[in-house]
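*Asks:* This is what each chain is made of:
2 protein chains.
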Amino acid sequence: RWPCRDTLLQGFLQKNNSLEEKGRLAGQKNLLSCDNSDRDARFRRTETDFSNLFARDLLPAKNGEEPTMQFLLEVVDILTNYVKKTFDRSTKVLDFHHPHQLLEGIEGFNLELSDQPESLEQILVDCRDTLKYGVRTGHPRFFNQLSSGLDIIGLAGEWLTSTANTNMFTYEIAPVFVLMEQLTLKKMREMIGWPNGEGDGLFSPGGAISNMYSVMIARYKYFPEVKTKGMSAAPRLVLFTSEHSHYSIKKAGAALGFGTDNVILLSTDERGRVIPADLEAKILDAKQKGYVPLFVNATAGSTVYGAFDPISEIADICEKYNLWLHVDGAWGGGLLMSRKHRHKLNGIERANSVTWNPHKMMGVPLQCSAILVREKGILAGCNSMCAGYLFQPDKQYDVTYDTGDKAIQCGRHVDIFKFWLMWKAKGTAGFEQHIDKCLDLSQYLYNKIKNREGYEMVFDGVPQHTNVCFWYIPPSLRGMPDGDERREKLHRVAPKIKAMMMESGTTMVGYQPQGNKVNFFRMVVSNPSATQSDIDFLIDEIERLGHDL
Amino acid sequence: RWPCRDTLLQGFLQKNNSLEEKGRLAGQKNLLSCDNSDRDARFRRTETDFSNLFARDLLPAKNGEEPTMQFLLEVVDILTNYVKKTFDRSTKVLDFHHPHQLLEGIEGFNLELSDQPESLEQILVDCRDTLKYGVRTGHPRFFNQLSSGLDIIGLAGEWLTSTANTNMFTYEIAPVFVLMEQLTLKKMREMIGWPNGEGDGLFSPGGAISNMYSVMIARYKYFPEVKTKGMSAAPRLVLFTSEHSHYSIKKAGAALGFGTDNVILLSTDERGRVIPADLEAKILDAKQKGYVPLFVNATAGSTVYGAFDPISEIADICEKYNLWLHVDGAWGGGLLMSRKHRHKLNGIERANSVTWNPHKMMGVPLQCSAILVREKGILAGCNSMCAGYLFQPDKQYDVTYDTGDKAIQCGRHVDIFKFWLMWKAKGTAGFEQHIDKCLDLSQYLYNKIKNREGYEMVFDGVPQHTNVCFWYIPPSLRGMPDGDERREKLHRVAPKIKAMMMESGTTMVGYQPQGNKVNFFRMVVSNPSATQSDIDFLIDEIERLGHDL
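Chains as they are written, first to last, in the numbering used here: chain A, 1 to 549; chain B, 550 to 1098.
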């Protein structure tokens, strides 16, 4: 739309140093003439010559301010161009290369590190190459992961966060961020439905760590002596989670010393939702064997099917047997923002702890995951070690704001700002619109393929979340009777289509087997830039690539 | 130096949209006139009117490209101004306010979230306010934390990382970053001295998590059945670490089910270094009690004293008793980059695992911590759960590059790029210079105060790392005989000076008690922008603020 603008800006970014040196007339010419097709190359070399500049010439170097600004603005130019292209459907989602190709130094992109510095010119080339050979996770046709999209406000928030470059452990060095975290967590607890938003919480480096926290604090609640004496101070404890739940519950079981054998998997209905009666039967079975049931994880939005376990019924059972109820809403927690969809999490207000990843359904840049806890003080009780060098009680301010000792981490990255800024910029209403739109889009996909020739749904009915799971059946398999041969062939269809998709770079969607079901596509929509036409494109692409298999 | 430049750039960033609309002459005037002191406010409102723009007007909105670019460039303007000021000694390190002051909404800075969106103008104000009330951790006089400084290349790397917004779990969606991580970890292992840089590793969300990994994999090495059966499958295991070591070893003991009582603290000499004979005695004692020694942590650069445990002698004992040797080099690992100082870590090549945080001594922006392991495959053995939806074996590329299942996390933030880019830009030689310079500076401080009136050193001799620990004795205490009264008074000196320092905002340095030693200052230098004059300033400031206490 502005044919001259980028050239202008680029020229300006390169040239504003020399502007003052060369005087106004020259500056006017460079800045305002559109007829300068060969100017870029020449001017870059002669005027802001990054080939003779090195990291050591930047701030804090003497006279480093000007090259620093030039360099940062040049980087920003690279990044803003990338942002523009990310949203441009005429660009590829990725430019696929095999590991050995990239390692061999494709087109001069050399990943090896060396003893001697490279020029800033080379560093800028490295930045461009890094983006060129990466994957555009914000592209409207990237559907590969639960986290997708590129939120501009979130991006600005991340740029600011890295510029502030501080650490969440004390109010002393992160006063604003610590307060933002506190206020945001309170708001999230209000949405969960805990009275007055009371309780506790932290942002952690991801849903797996948040889930690990939930198991740790459950153990601390019922067997606080484990903190000092270890697992030998407790009876044989067992944890319950759905066979469809995220593997992080098992990972937590392994890491925290429970053992994966003591993570008991619950059966689900054909939609992937836990069957409450199975939970109760397995609790009774465990008790009979002399084990002690401790913890139940209910998944709100499972990874593959997007299933919501029936939280209220599970909560009844947890109350009956006095068990800790955790809700893993890493993927589905965002639906609490939607008046239309939040009923899928009914009962979450009865949970003892909740995992909720704004970096998934809410489009916040990675990483942004919260562990929320109903009981105040238990996080600190579980994790504090009272390190004197960090958490001095004799500071001049209210040290209850020093939250670091609640964490299993010491240093903790500032994950809150981008989320806080997005919330400010969109309002709760904006998140709601985003979520409703994504769910509408996935229903559009579901309606489009449920009766379409060549498709089979993995489970019946409208998906609860944005996950749409389906097989594409190539014409060669359509008449074939069910049986091992068809199953084996069908199992290879999704990987083949996916491989071709990646090599053509047009779109990306995930696939996986699940239980006894052979490889199927799992479509998810969390990308705010996706539209119905992108869904149509995906289907066309699957059929184009898979037709002759 | 360039009186007109910032105004020019700022003007341009605000105005380049309207340039095309208003024609060249108007553009020339705005861009090139320096005589426009009242232009900013007017033009911001009338031309790029962010007060009528909202997040929903940015990409992916229709016609969103132009406001997106305008908004991002405006944010960059805020950030580059912050960067400039960060290095400017005439600015404050912080503008201190109490939590309640910020929560009350100081000068209109409202931290509360609401249902409705705020305009982009307000969002930009929020960004400015966030930086205004924060702490400049890159300021040449910020000495408060092991992580300090603002590396421009690292900052550019972080901006790019957040623009790419992807996840480390698979090669599929982070091809370049996964390879960079692999090559960088290999380079780090070479520096440790493991043959051919063989081994394994990961970047984790911080040193505490890296240390936790080391304990987990040690346990898996000797008692792999704990993964499935839990701690009840193992005898009573004990871990050994210095009484001066980081509290994360104890946190790991608590979290992983060992119990803090089974983390046995080793005595140190007066410089804070583990006494090897004490380790051997405590191993024998534990064995005699029927416990099973598993793991020894040697600290390379302790948090408070900067002490390096004698790794070789500890390695001898670990070999003799067949124990896992971990080196926590979170703080001191960077010294491996320095030919002059790496001898302090002699013996590290005998370790089974190493924690090394480039975000501390090497000035890489937060978060950047590596866990390095000598034995290949053990990380995956310990942590893999083989989730089918993520780690499909039937992909078209070599899936050994899908490293996600080695981690306890699922999603994992891209921490590698900024570090890789800094290494490219500085070379190993540049890191070496940085480290040597910081150690020289701390020796300058040590030499300056060791015999100066009013100072007492916490331990004798040249510090091993950049940590210089000292008491400032106000004149009122100088004649006082040692005893409880003096101790109590001295204990209150550092907190008082620190509080005044924060309120005046001129510099920041940490203090803490340690063992039976009352509060003392711990000076550390990792900030590349610090000079001798900043050290002088710190001493002057301590004396100015503390003289009348």
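Mixed in with the good hints there might be a few duds.
[As the list claims (entries may be wrong)] When the alpha-carbon atoms are kept at most 20 Å apart in a straight line, the in silico SDA-like pairs for lysine to any residue are as follows:
no.: 1; chain 1: A; residue 1: K229; chain 2: B; residue 2: G613
no.: 2; chain 1: A; residue 1: K517; chain 2: A; residue 2: D484
no.: 3; chain 1: B; residue 1: K735; chain 2: A; residue 2: K229
no.: 4; chain 1: B; residue 1: K735; chain 2: A; residue 2: N110
no.: 5; chain 1: A; residue 1: K282; chain 2: A; residue 2: K320
no.: 6; chain 1: B; residue 1: K1045; chain 2: A; residue 2: Q392
no.: 7; chain 1: A; residue 1: K85; chain 2: B; residue 2: D1009
no.: 8; chain 1: A; residue 1: K437; chain 2: B; residue 2: A610
no.: 9; chain 1: B; residue 1: K999; chain 2: B; residue 2: D1009
no.: 10; chain 1: B; residue 1: K634; chain 2: A; residue 2: D115
no.: 11; chain 1: A; residue 1: K376; chain 2: A; residue 2: L183
no.: 12; chain 1: B; residue 1: K944; chain 2: A; residue 2: P393
no.: 13; chain 1: A; residue 1: K187; chain 2: B; residue 2: D626
no.: 14; chain 1: A; residue 1: K84; chain 2: B; residue 2: D626
no.: 15; chain 1: B; residue 1: K736; chain 2: A; residue 2: Q116
no.: 16; chain 1: B; residue 1: K641; chain 2: B; residue 2: N630
no.: 17; chain 1: B; residue 1: K1038; chain 2: A; residue 2: Q116
no.: 18; chain 1: B; residue 1: K986; chain 2: A; residue 2: D115
no.: 19; chain 1: A; residue 1: K186; chain 2: B; residue 2: N630
no.: 20; chain 1: B; residue 1: K869; chain 2: B; residue 2: H890
no.: 21; chain 1: B; residue 1: K944; chain 2: A; residue 2: K320
no.: 22; chain 1: B; residue 1: K831; chain 2: A; residue 2: K85
[As the list claims (entries may be wrong)] Listed next, the stretches of chain B that the computed footprint assigns to chain A, with coverage defined by at least 3 CB atoms under 8 Å from CB atoms of chain A:
no.: 23; segment: 615-624
no.: 24; segment: 844-850
no.: 25; segment: 857-871
Since the hints were made in silico from the structure, they are not lab data. We treat Cβ as the ideally placed atom computed from N, Cα and C, and that holds for glycine.
*Asks:* Hint by hint, note whether the structure agrees.
*Replies:* Results of checking the hints against the structure:
1. Proposed proximity of A:K229 and B:G613 is contradicted: the alpha carbons are some 58 Å apart, above 20 Å.
2. As the CA atoms of A:K517 and A:D484 are separated by approximately 12 Å, the hinted pair is consistent with the 20 Å bound.
3. Our distance criterion of 20 Å between C-alpha atoms is broken by B:K735 and A:K229, whose separation comes to about 38 Å.
4. About 16 Å separates the Cα atoms of B:K735 and A:N110, which keeps this hinted pair within 20 Å; it holds.
5. Taking the CA atoms of A:K282 and A:K320, the gap is about 14 Å. The hint holds against a cut of 20 Å.
6. A threshold of 20 Å between alpha carbons decides the hint, and for B:K1045 with A:Q392 the separation of about 12 Å falls inside it, so the pair holds.
7. Taken as a hint, the A:K85 and B:D1009 pair is broken in the structure, with Cα atoms around 60 Å apart against an allowance of 20 Å.
8. The straight-line distance between the Cα atoms of A:K437 and B:A610 is roughly 14 Å, inside the 20 Å bound, and the hint therefore holds.
9. For a cut-off of 20 Å, the pair hint linking B:K999 to B:D1009 stands: about 9 Å separates their Cα positions.
10. For the hint linking B:K634 to A:D115, the alpha-carbon distance of about 31 Å lies beyond 20 Å, and the restraint is violated.
11. Distance check on the hinted pair: A:K376 and A:L183 sit about 15 Å apart at the alpha-carbon level, within 20 Å; holds.
12. Proposed proximity of B:K944 and A:P393 is contradicted: the alpha carbons are some 54 Å apart, above 20 Å.
13. Only pairs whose Cα atoms come within 20 Å are accepted, and A:K187 paired with B:D626 is rejected, the gap being roughly 31 Å.
14. Note on A:K84 and B:D626: the hinted pairing holds, with a Cα-Cα distance of about 19 Å set against a maximum of 20 Å.
15. Between B:K736 and A:Q116 the CA atoms are separated by roughly 14 Å; this keeps the pair inside 20 Å, and the hint holds.
16. This hinted pair checks out: B:K641 and B:N630 have alpha carbons roughly 14 Å apart, not beyond 20 Å.
17. The hinted pair formed by B:K1038 and A:Q116 fails the criterion: a straight-line CA distance of about 52 Å is larger than 20 Å.
18. Pair hint B:K986 plus A:D115 holds up; C-alpha atoms about 18 Å apart against a cutoff of 20 Å.
19. Between A:K186 and B:N630 the alpha-carbon distance is near 33 Å, which puts this suggested pair outside the 20 Å criterion.
20. Distance hint between B:K869 and B:H890 is unfulfilled; the C-alpha atoms sit about 28 Å from each other, more than 20 Å.
21. Annotation: proposed proximity of B:K944 to A:K320 is violated, straight-line Cα distance about 46 Å (limit 20 Å).
22. Taking the CA atoms of B:K831 and A:K85, the gap is near 62 Å; set against the 20 Å cutoff, the hint is violated.
23. Given a C-beta distance limit of less than 8 Å, the hint that chain A covers the segment 615-624 of chain B holds, as 7 residues qualify and 3 suffice.
24. With 0 residues having a Cβ less than 8 Å from any Cβ of chain A, the segment 844-850 of chain B misses the three-residue criterion, and the hint is violated.
25. Here the segment 857-871 of chain B counts 0 residues with a CB under 8 Å from a CB of chain A, which misses the bar of 3, and the coverage is violated.
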